[in-house]
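J.: Sequence:
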Amino acid sequence: MPGPSEKAQEDLDFVRAELQNDSFEDAQVGRRLTSLKLIAREPEKASCVYCRDGLTVLAEAAFGRKNAQRPISSLEAARIIANALLLRDQMQQVLADLGYTERIVDFYNQRTADHEFVGARILFLLTYKSKVDFVALIESHLLLDHIGAQLLRHASSLSSSSFASSPMNAMALVETLKLLYNLASKFPGQMHFFSKTVSSLINIVSTISIPSGPLDPPIAQLLNDLAIIEWPTPSNQNEEEIMLGFTERMIDLLDRSTSSLRAAQLETMLIAPITVTRKLNELHYTKVKQLLRLSLLPQDEERDKPLGHSQSLASRMLRLQTSGGLTILPEAISSLLFDLSDHDATKFVHNIGYGHAAGHLMTHKIPIPQGLETANGSGAGNGEVQINPVTGQRLDAETPVSMPEMTDKEKEREAERLFVLFEKLKATGVMNVENPLRTAQESGRFEELSDSDPD
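Last residue of the sequence shown: 455 in UniProt numbering, with the numbers rising by one and none dropped.
Because the hints were derived from the structure by calculation, they are not lab data.
Please note that a few of the clues may not be correct.
[Unchecked claim] Here are the simulated DSSO-like cross-link-like pairs (lysine-lysine), alpha carbons at most 30 Å apart as the crow flies:
| no. | residue 1 | residue 2 |
| --- | --- | --- |
| 1 | Lys131 | Lys66 |
| 2 | Lys279 | Lys186 |
| 3 | Lys365 | Lys279 |
| 4 | Lys305 | Lys365 |
| 5 | Lys424 | Lys411 |
| 6 | Lys409 | Lys424 |
| 7 | Lys66 | Lys7 |
| 8 | Lys411 | Lys426 |
| 9 | Lys129 | Lys186 |
| 10 | Lys66 | Lys129 |
| 11 | Lys287 | Lys305 |
| 12 | Lys45 | Lys131 |
| 13 | Lys186 | Lys131 |
| 14 | Lys411 | Lys365 |
| 15 | Lys424 | Lys305 |
| 16 | Lys131 | Lys196 |
| 17 | Lys186 | Lys196 |
| 18 | Lys279 | Lys289 |
| 19 | Lys279 | Lys196 |
| 20 | Lys305 | Lys289 |
| 21 | Lys196 | Lys289 |
| 22 | Lys289 | Lys365 |
| 23 | Lys426 | Lys365 |
| 24 | Lys196 | Lys287 |
| 25 | Lys129 | Lys196 |
| 26 | Lys426 | Lys409 |
Input sequences plus hints: build the corresponding full structure.
T.: Structure, rendered in structure tokens:
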């Protein structure tokens, strides 16, 4: 009985011979390719696959001119190639050199979930360590049109039972979305081609069932694509209702995510949803803006406590903004809330409180608004209600702080302590400070209490 390497070579030689045979038996060749696929999952046992000669045989079996008449063997050969590109990345350029890239696009465009999955996986892997001319594939071989057609197919089938009942449909969609993301990130000069896919992406996000993990595939990949691709300019007001439904879905995703995922998980996973939400705000649809502000900015009824202390989505976002250990997410949240405040520092401070707004204002060198005690922003209710500008809480809802008045002895000790601290600070030379207590003493405005003075 031959060992794995010998068996792999036998299977490959059989396929090579059958490719020259006019009486090609698709099912029989498919079985030999399945055998080869299992062995080739361990490259050291199938060296015949991981070379130019082996890949040439497999590429012809997968993408040759007669592959449409050989669906079983074509798919199996393509699966072996996809595995080979993943397990040995140097094979990516080997495949590119064989000149099959246009045929791979045609294979991908056959509009079945299996062809989409394998074809997208191969093209996706070729975006890494090969010199494939993807610009030519986009401009001359309609790669983005084919991707758009696959997305449209998915959008149309979401309401049918076939999509939900077939795991391959969801897996194929994820592979297409990964391919789209890599192409958009690597070839921004072709962005006008990518923009054609936005409407289908929005349609899918708006209608697909949300998984138990709200940012699990394919939701994560859909939002990654929408975050990186430039959206086309809205052409008519009829799109506002579509975008309003999409906005509701985005708010739902943010709500579910911030309720169920840990802050450490959200550090990276929430960036794309926030970016997409910022893009929605930039569309200047009145209803969309109103819904975003109503959902993401603290409302008046939350001001009976310092902002960020309720269980609303807006409060959870504020808590994440100040959560320790996070580096990327706080800036993303602050930028979103600043957008929703019309890039107005006064509104920003009123909407979320200076305590939450200060970091963003200082980081971006935005002047701190004057007269914070009278700041009045888009989240304001009755203008007569006084708001603590730092915490955002209503002044009439704050708990009074009852402290006994300091005795003269306590005041003296506190003054001495401050005097010493200022002198030490001045002695360091780090800062040129004038001790206000010494100044007061020298000007006669400060005098020591005598021992006979009452407490």
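J.: Now tell me, hint by hint, if it's right for this structure.
T.: Hints, verified against the model:
1. Between Lys131 and Lys66 the alpha-carbon distance is near 26 Å, which keeps this suggested pair within the 30 Å criterion.
2. Between Lys279 and Lys186, the direct Cα distance comes to roughly 21 Å. Compliance with the 30 Å bound is thereby established for this hinted pair.
3. Distance restraint check for Lys365 and Lys279: the Cα-Cα separation of roughly 23 Å lies within the 30 Å cut-off, and the hinted pair is therefore satisfied.
4. Our distance criterion of 30 Å between C-alpha atoms is met by Lys305 and Lys365, whose separation comes to about 29 Å.
5. With a CA separation close to 20 Å, the supplied pair Lys424 and Lys411 stays within the 30 Å bound.
6. Taking the CA atoms of Lys409 and Lys424, the gap is about 23 Å. The hint holds against a cut of 30 Å.
7. Restraint check for Lys66 and Lys7: the C-alpha separation of about 26 Å stays at or below 30 Å, so the hint holds.
8. A hinted pair counts as satisfied when its Cα atoms are at most 30 Å apart, and Lys411 with Lys426 qualifies at roughly 23 Å.
9. Between Lys129 and Lys186, the direct Cα distance comes to roughly 12 Å. Compliance with the 30 Å bound is thereby established for this hinted pair.
10. Taking the CA atoms of Lys66 and Lys129, the gap is about 28 Å. The hint holds against a cut of 30 Å.
11. Pair hint Lys287 plus Lys305 holds up; C-alpha atoms about 28 Å apart against a cutoff of 30 Å.
12. Taking the CA atoms of Lys45 and Lys131, the gap is near 28 Å; set against the 30 Å cutoff, the hint holds.
13. The hinted pair formed by Lys186 and Lys131 meets the criterion: a straight-line CA distance of about 12 Å does not exceed 30 Å.
14. Taking the CA atoms of Lys411 and Lys365, the gap is about 38 Å. The hint is violated against a cut of 30 Å.
15. For the given pair, Lys424 sits about 39 Å from Lys305 by alpha-carbon distance, which is inconsistent with the 30 Å threshold.
16. Only pairs whose Cα atoms come within 30 Å are accepted, and Lys131 paired with Lys196 is accepted, the gap being roughly 25 Å.
17. This hinted pair checks out: Lys186 and Lys196 have alpha carbons roughly 17 Å apart, not beyond 30 Å.
18. Note on Lys279 and Lys289: the hinted pairing holds, with a Cα-Cα distance of about 11 Å set against a maximum of 30 Å.
19. For the proposed pair Lys279 and Lys196, the alpha carbon gap of about 16 Å is at most 30 Å, so the pair holds.
20. About 25 Å separates the Cα atoms of Lys305 and Lys289, which keeps this hinted pair within 30 Å; it holds.
21. Of the pairs offered as hints, the one joining Lys196 and Lys289 holds, with about 24 Å between alpha carbons and a cut-off of 30 Å not exceeded.
22. Annotation: proposed proximity of Lys289 to Lys365 holds, straight-line Cα distance about 26 Å (limit 30 Å).
23. This hinted pair checks out: Lys426 and Lys365 have alpha carbons roughly 29 Å apart, not beyond 30 Å.
24. A C-alpha spacing of about 24 Å is found between Lys196 and Lys287, which places the hinted pair at or below 30 Å, so the restraint holds.
25. Restraint check for Lys129 and Lys196: satisfied, since their Cα atoms lie roughly 27 Å apart, inside the 30 Å limit.
26. For a cut-off of 30 Å, the pair hint linking Lys426 to Lys409 stands: about 26 Å separates their Cα positions.
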